[in-house]
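K.L.:
Each chain is listed here by its residues.
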Amino acid sequence: MNGLFANENGRFDPRLRQRLYYGRLFQAFSLAAVTVGLIVLSVLLLDILLDGYKWLRPEFFTQFPSRFPEKSGLRSALQGTLWMIGLTVVIAFPVGVGAAIYLEEYAPDNRLTRAIEVNIANLAGVPSIIYGLLGLGLFVRGLELGRSVLAGSLTMALLILPVLIVAGREAIRAVPQSVRQASLALGATQWQTIRHHVLPYAMPGILTGTILAISRAIGETAPLITIGALTYIRFDLKGPLDIFTVLPIQIFNWVSLPKAEFQELAAAGIIVLLAVLIALNALAIVLRNKLQIRW
Amino acid sequence: MQGQTVMADRVNLLRNKGAHNRSEALIRAILLLFALVSILTTAGIVAVLLQETVLFFREVSIVEFFTETRWTPLFASKKFGVLPLVNGTILVATGAMVIAVPLGLLSAIYLSEYAGERARKVLKPLLEILAGIPTVVYGYFALTFVTPLLQRVWPETQAFNALSASIVMGFMILPLVASLAEDAMSAVPQSLRQAAYALGATRLEVTLRTVVPAALSGISAAFILAVSRAVGETMIVAIAAGQQPKLTLNPLQSIETMTAYIVQVSLGDTPQQSLAYKTIFAVGMLLFLMTLVMNLISHWITRRYREVYE
Amino acid sequence: MPDNLEIALSVRRLHVYYGDTLALENINLDIPARQITAIIGPSGCGKSTFLRCLNRMNDLIPAARVDGEVLFYGQNIYDPRVNPVEVRRHIGMVFQKPNPFPKSIYENVAYGARINGYKGNLDELVEKSLRAAALWDEVKDQLRQSALALSGGQQQRLCIARAIAIEPQVILMDEPASALDPIATLKIEELMRELKQFFTIVIVTHNMQQAARVSDYTAMMMLSSENTRAGTVIEFGPTSQIFTNPRDKRTEDYVTGRFG
Numbered sequence: 001m002n003g004l005f006a007n008e009n010g011r012f013d014p015r016l017r018q019r020l021y022y023g024r025l026f027q028a029f030s031l032a033a034v035t036v037g038l039i040v041l042s043v044l045l046l047d048i049l050l051d052g053y054k055w056l057r058p059e060f061f062t063q064f065p066s067r068f069p070e071k072s073g074l075r076s077a078l079q080g081t082l083w084m085i086g087l088t089v090v091i092a093f094p095v096g097v098g099a100a101i102y103l104e105e106y107a108p109d110n111r112l113t114r115a116i117e118v119n120i121a122n123l124a125g126v127p128s129i130i131y132g133l134l135g136l137g138l139f140v141r142g143l144e145l146g147r148s149v150l151a152g153s154l155t156m157a158l159l160i161l162p163v164l165i166v167a168g169r170e171a172i173r174a175v176p177q178s179v180r181q182a183s184l185a186l187g188a189t190q191w192q193t194i195r196h197h198v199l200p201y202a203m204p205g206i207l208t209g210t211i212l213a214i215s216r217a218i219g220e221t222a223p224l225i226t227i228g229a230l231t232y233i234r235f236d237l238k239g240p241l242d243i244f245t246v247l248p249i250q251i252f253n254w255v256s257l258p259k260a261e262f263q264e265l266a267a268a269g270i271i272v273l274l275a276v277l278i279a280l281n282a283l284a285i286v287l288r289n290k291l292q293i294r295w
Numbered sequence: 001m002q003g004q005t006v007m008a009d010r011v012n013l014l015r016n017k018g019a020h021n022r023s024e025a026l027i028r029a030i031l032l033l034f035a036l037v038s039i040l041t042t043a044g045i046v047a048v049l050l051q052e053t054v055l056f057f058r059e060v061s062i063v064e065f066f067t068e069t070r071w072t073p074l075f076a077s078k079k080f081g082v083l084p085l086v087n088g089t090i091l092v093a094t095g096a097m098v099i100a101v102p103l104g105l106l107s108a109i110y111l112s113e114y115a116g117e118r119a120r121k122v123l124k125p126l127l128e129i130l131a132g133i134p135t136v137v138y139g140y141f142a143l144t145f146v147t148p149l150l151q152r153v154w155p156e157t158q159a160f161n162a163l164s165a166s167i168v169m170g171f172m173i174l175p176l177v178a179s180l181a182e183d184a185m186s187a188v189p190q191s192l193r194q195a196a197y198a199l200g201a202t203r204l205e206v207t208l209r210t211v212v213p214a215a216l217s218g219i220s221a222a223f224i225l226a227v228s229r230a231v232g233e234t235m236i237v238a239i240a241a242g243q244q245p246k247l248t249l250n251p252l253q254s255i256e257t258m259t260a261y262i263v264q265v266s267l268g269d270t271p272q273q274s275l276a277y278k279t280i281f282a283v284g285m286l287l288f289l290m291t292l293v294m295n296l297i298s299h300w301i302t303r304r305y306r307e308v309y310e
Numbered sequence: 001m002p003d004n005l006e007i008a009l010s011v012r013r014l015h016v017y018y019g020d021t022l023a024l025e026n027i028n029l030d031i032p033a034r035q036i037t038a039i040i041g042p043s044g045c046g047k048s049t050f051l052r053c054l055n056r057m058n059d060l061i062p063a064a065r066v067d068g069e070v071l072f073y074g075q076n077i078y079d080p081r082v083n084p085v086e087v088r089r090h091i092g093m094v095f096q097k098p099n100p101f102p103k104s105i106y107e108n109v110a111y112g113a114r115i116n117g118y119k120g121n122l123d124e125l126v127e128k129s130l131r132a133a134a135l136w137d138e139v140k141d142q143l144r145q146s147a148l149a150l151s152g153g154q155q156q157r158l159c160i161a162r163a164i165a166i167e168p169q170v171i172l173m174d175e176p177a178s179a180l181d182p183i184a185t186l187k188i189e190e191l192m193r194e195l196k197q198f199f200t201i202v203i204v205t206h207n208m209q210q211a212a213r214v215s216d217y218t219a220m221m222m223l224s225s226e227n228t229r230a231g232t233v234i235e236f237g238p239t240s241q242i243f244t245n246p247r248d249k250r251t252e253d254y255v256t257g258r259f260g
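Protein chains in written order, with this note's numbering: chain A, 1 to 295; chain B, 1 to 310; chain C, 1 to 260.
To be clear, the hints were calculated from the coordinates, so they are not data collected in a lab. Possibly wrong hints are sitting among the right ones.
Mimicking BS3-like on lysine-lysine, the simulated pairs with C-alpha atoms at most 30 Å apart in a straight line are [unchecked claim]:
#  : chain 1 : residue 1 : chain 2 : residue 2
1  : C       : LYS97     : C       : LYS196
2  : C       : LYS97     : A       : LYS290
3  : A       : LYS238    : A       : LYS71
4  : B       : LYS78     : B       : LYS246
5  : C       : LYS187    : C       : LYS97
6  : B       : LYS124    : A       : LYS290
7  : C       : LYS140    : C       : LYS119
8  : C       : LYS187    : C       : LYS128
9  : A       : LYS290    : A       : LYS71
10 : C       : LYS140    : A       : LYS290
11 : B       : LYS124    : B       : LYS246
12 : C       : LYS140    : C       : LYS97
13 : C       : LYS187    : C       : LYS140
14 : A       : LYS259    : B       : LYS124
15 : B       : LYS79     : A       : LYS290
Every value quoted in this text rests on a predicted model; they were computed, and no experiment measured them.
In isolation and in its complexed conformation, chain A is listed as follows (with noise of 0.2 Å):
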């Protein structure tokens, strides 16, 4: 660009045309590199939905899994996952929220709490199939409750905990102090205080916290595949020591088979977890919205 500058003594070559254009060139390619991964994401999802839409008529989630394409269903995967969610949580949450709330109100700065703290950073980066190995030894053989779907809820409570407290932590982090020193100035104790101000303040980021530890408990295969939850279960589910599976290892299964037919109940199974996902999902969203104390 000449111009003002055109007159230079010469000492300057700043080539500013050439650098912008390869500036633009480069925003270009890393506007692609975004797009490419979107890319993707749609050619997936819509693979998906080619292959497996056929497959989503009612007979779907109410027959068992069978040799036979045409009478096979999700009825016992969607049972396991029902029951292995609605354990997990009855485990996982008390446990979680009561972790967070002893290291955001009680915890001192020594180094027990900084123990407890490591611990939970490194436990979120463990592989999910160790927590599998875990459960095995701990829960399936050390306790003896078998390959039963008490065993894989303890376990996947085990891997949702960090994600628990960590979003439970962040929730009772924005609890204004104002409110905690109005409370105990009134002469309320500790508990008190937190019982009746700082938990239903955090409750709705907890809870959405929750949604997505969740989510992300649902689509796990590994750790249940390891402590032995089967892939071909033909019955209905009936206590917390029954032998159970879940919609992503019914899938896993479906697909391991050779037919074609099975891996098209693979994409309608992959399509139901989808939409399960999102439905969680997007409550999540709507919870955070609207129980925010804005009043």
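Put chains B and C on the given structure of chain A with help from the hints.
P.N.:
Quick look at chains B and C alone, frame taken from chain A:
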């Protein structure tokens, strides 16, 4: 002091001390217990893995484990060399990084340096969806869509192969790299950028020659964390990469990763006391140590670079 | 100080440390009952820290250490056998920035009574407290609505109503009007004059005119010397005397505006 007797009988500060203190202490103890679950979990993982690993190494020598080039614990002639499994894991992970790192970095640069506020608000969550898709879905996609595609380009591609899993895994990990890299780049102070602009640098130059180098440690930490994630990933490889442990650099071939092996054995009917049962813990222990080391390095790098700016 | 004055709080040899740093040095003070005592002084001399000692709110700061005694009608509130929760039941606090709970107006006032096991009629208590805080007429038809919808001045009067609902003996006020506009400020000052019939009031203020208008006694705080960050009370007496005829030259300099 006069006057105090008027109120002294109405005010007794020692009134409630017992009840309050006891119940508060109990609640605090229970909550502490909940927080300790995290330490117990780590202890549990180490204990369970260690116990079976020790038993395993009573029957198989460590030397064989780390030097033998064949892994056939389920065959008649048993060989316990873990290298093929490690090879498979690293092969797939490397391929995934080849996709995730450039695309992730470029996406991060675009989102943090070029995209407008509205574009960011839309694009970022969309990319995050890639991370939220269950891995079993990715496995399906790899097996039924990507592999046939690869076979059309390279007909020698096997039905189960490392490349297919790598590609798909790469896109799964992309959002992780992108978001960590973006965090690292936004931690670079505006003042640094402005100094570069003030010298007449173009946006590209500011980004590539000032921001990225300044964020390099954060970006490396992101990279290591992503590798750790790839190494620990299970379902994609269990579905699409195969069950043939071998030492090869050819991604078009069927291999087996450490994680897929654990799944393979778990699906079978392995009796508890058998050696095969113990192998999954030995492999699991190795996997745990590998990811632990990587995570620790990544956190150490992150902590160090955070100090530099404060 | 006249001999027949009833003393609500008697501070003896009070020292406060943050970690290793001395923040308050050797404070000795008698706060008369059912009077308004103002604590004035330049910023940074520890007025709020001192106030928070009087209801053990400083206990909430891990690094803070308190030496000395604060006798509340003869009982030392820092006696190790005394639970701070119990102290705060009798010595209440109103904060600088109004901090009503994100609950209804009714619930805000009722909360303290509920947790302290009030056995009487809650509705009556709420009305009585809101009347005493000069807020009843403005909110009587919206008791179930959110407290956060009130104006700043109304919120602060709500906080006062909340504090007096549990019938403390002392109310501590940490710059209660500094976040409010002048008209709301005057309302709060008027309220204080009425409340002192029943409550001992200790107010920290950086506004000297307010201290002169509203208080019966005034304590002047300053850094105890030039090379320290520790504050202390350098003079205490009836407000009229402090403002017209202070004994300490530093007090005189401060109240005449020569510095601070």
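K.L.:
With reference to the structure, classify each hint as holding or not holding.
P.N.:
Checked hints:
1. LYS97/C / LYS196/C: holds (22 Å)
2. LYS97/C / LYS290/A: With a Cα-Cα distance of about 27 Å, the restraint between LYS97/C and LYS290/A holds, given a limit of 30 Å.
3. LYS238/A / LYS71/A: Answer holds: LYS238/A to LYS71/A is near 22 Å, not above 30 Å.
4. LYS78/B / LYS246/B: holds (15 Å)
5. LYS187/C / LYS97/C: Within the cut-off at roughly 16 Å; holds.
6. LYS124/B / LYS290/A: holds (23 Å)
7. LYS140/C / LYS119/C: holds (23 Å)
8. LYS187/C / LYS128/C: holds (18 Å)
9. LYS290/A / LYS71/A: Violated. LYS290/A to LYS71/A sits at ~43 Å, over the 30 Å cutoff.
10. LYS140/C / LYS290/A: The hint holds at about 28 Å.
11. LYS124/B / LYS246/B: violated (39 Å)
12. LYS140/C / LYS97/C: holds (23 Å)
13. LYS187/C / LYS140/C: Since the Cα atoms of LYS187/C and LYS140/C sit roughly 18 Å apart, the hinted pair holds (cutoff 30 Å).
14. LYS259/A / LYS124/B: violated (38 Å)
15. LYS79/B / LYS290/A: violated (60 Å)
The structure shown violates the earlier hints numbered 9, 11, 14, 15.
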